[in-house]
Amino acid sequence: MTSSTREREPRPDDAEFRSYYGRPVIKRPIWHVPHMPAYLYLGGLSGASSLMAVLARATGRPRLARTTRIAAAAGAAGGTVLLIAELGRPTRFLNMLRMFKPSSPMSVGSWILAAQGGLSAAAAASAVTGILPAAGDAAALATAVTGPLTATYTAVLVADTAVPAWHAGYRELPFLFAGSALASAGAVAMLTTPRADADPARAVAVLGAAAETAAATMLERRLGLVGEPYREGRAGRLLSAARALTAGGGLLALLAGRSRAATVASGLALTAGALCTRFGILEAGRASAADPKYTVVPQRERLDASAVR
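In this note's numbering, the protein residues as written are 8 to 316.
Worth flagging that the hints you see were computed from the coordinates, not collected in a lab.
Please note that a few of the clues may not be correct.
As the list claims (entries may be wrong) - With beta-carbon atoms standing in for the labels, derived distance ranges:
#, residue 1, residue 2, range
1, Leu275, His39, 34 to 44 Å
2, Ala210, Ala268, 11 to 21 Å
3, Ala251, Arg202, 22 to 32 Å
4, Leu139, Glu308, 18 to 28 Å
This one's a predicted model, so the numbers in the text were calculated from it and none came from an experiment.
We put the CB at the ideal spot given by N, CA and C, even for glycine.
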């Protein structure tokens with residue numbers, strides 16, 4: 008063993024956080040890029056678009072209802088394809104549907120995604136072809152239940168892991184995902200619906216942008232040490248870009264009714280912001296799993312607090 012090799016090796020004294028030689032305590036998430044972040048984005052888009060479609064239909068806005076039904080179906084289909092690609096083989100997704108396990112977020116999520124995909128496809132097909140309109144309306148109405156679940160269950164999925172940055176954010180992540188999903192759906196609806204019929208889409212985009220920004224701010228502030236990965240490194244850069252794009256897109260959405268250029272700029276900024284949010288959250292989870300201090304320090308603090316009590 009050379010002297011240079013000895014200098015590079017970690018020593019017991021270097022393990023400041025009482026991990027084994029400073030090595031990671033848990034394995035890094037093996038989810039792939041861009042499969043998983045894109046899947047999270049499309050699931051949110053599908054879920055929020057379904058809810059918008061139901062509200063548009065109920066308020067007599069057929070054009071908006073049609074475009075949001077199509078967006079919901081496309082998002083669910085694309086998300087399913089990406090999830091299957093992430094799993095490696097289609098049979099693995101089908102195997103998850105062989106039984107329903109309420110204690111498993113992955114099992115529940117698979118059934119939610121399957122139901123959302125089938126119902127949104129039926130609703131969109133009816134809207135495009137005009138065939139069986141009553142059945143299409145019934146399917147769309149059912150997505151008022153599966154849609155919000157599709158938009159937020161992925162937050163539960165990532166939080167129900169040992170990854171510190173995700174697990175510690177279990178309170179805020181559902182609201183962050185929900186806000187990002189609303190912003191995404193509003194953006195797509197603005198881009199695909201005539202401005203005269205897109206007022207509700209602009210309102211949803213603004214609401215989603217505000218909710219996403221508020222939830223992201225609360226997430227980073229509450230987590231303390233474990234929130235560092237959301238502010239530093241690649242994840243920090245992505246999430247900083249997400250905040251800027253989301254805030255800018257939300258402000259532009261207020262002007263989108265007056266100008267097609269503002270509509271396009273707002274829709275693209277919100278879409279880019281939503282994607283940066285998903286990619287940033289994945290990177291933050293990876294960084295927190297790779298550094299042992301985010302696992303060991305909170306554990307030691309809880310043990311010390313318990314000993315004091």
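Determine which of the earlier numbered hints do not hold for this structure and return their numbers in increasing order.
1 and 4
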